[in-house]
Amino acid sequence: MGLIGSIQASAVAISSASSQISSGNIDLSQRTEQQASSLQETAASMEQVAATVKNNTQHTGEANQLAHTASRSASYGGEKVKEAVNKMDELNHSSEKISGIVSLIDGIAFQTNILALNASVEAARAGEQGRGFAVVAQEVRSLAQRSADAAKQIQGLIAENNSVVEQGSDLVKAVGDSMAQIVTNIGKVSDLMEDVSRASDEQTSAIDQMSIAINQMDDVTQQNASLVEQTATASASLGDQARDLASAVAFFKVVDGQQLLSTPQSLSSPQEERALFAAEHTHSQKKPVKRAEAAVDEWEMF
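Per the numbering used here, the sequence shown starts with residue 968, numbered consecutively.
Treat the hints as calculated values from the structure; they're not laboratory data.
There may be inaccurate statements among the hints.
What the hints assert, rightly or not - EDC-like, lysine to aspartate or glutamate: derived pairs with alpha carbons at most 20 Å apart:
1) K1054 x D994
2) K1047 x E1133
3) K1054 x D1137
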């Protein structure tokens, strides 16, 4: 096989390979562009998720602050309830003291009534001379009776007041227990909100890192797409040059070791070029020539 035949075969092979490479690069370029588009959509979605998580983190922080404020208010209310309970206890003790004083007044009235009764007896014994003293004794007895009645009424009111105070004290204590429970629950809620806030911060940081990684992947994919397009362009150019070379070399025709000029024609297909190469190779095997003489013969046209 001569030099021209080798060039023709090589041109055909290069043209076929460059066509395959160009076709593969085009497909790879399309896939790379699709991947870049998907990465851009993923990056946009991650940005939306990051914005949502940041918004949730902000709301969680605000809720945590409100929980702390409510906890302080509940604690303050609990302290006031304790003070109210103490005041109710003091009022109950004061009522008991007043009840004791009223009991003393009732005893004094009873003793006064007895003294007035004795005075009336003595006045009756004195006869006409003790008549005036008997009137005074009767008035004192009547006053003592009214004092005793008033003391009994006061005692009844104090008893009712003590009952109301006791009920109020029980209610205030119940409110105090409820406030203490509320303070405890608010503290638990505040702790949970702090945990959620920390978790949201960690999620935000992780999403930011993922967004950065996705953006970097998108940049690399864009660069790969550009390189693939450049490679496809270079492969197409190489194929064009190979076809031009094949067309130029087709001007020569090798027969029995001689190059003959022929009408230039383009290669219709790689299969035809391979058939031509096989025929030339078979013919050259039938009539071997020395390499030096073949080389001289191949370039005689030049």
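Status of each hint after checking the structure:
Between K1054 and D994 the alpha-carbon distance is near 88 Å, which puts this suggested pair outside the 20 Å criterion. Only pairs whose Cα atoms come within 20 Å are accepted, and K1047 paired with E1133 is accepted, the gap being roughly 18 Å. Between K1054 and D1137 the CA atoms are separated by roughly 12 Å; this keeps the pair inside 20 Å, and the hint holds.
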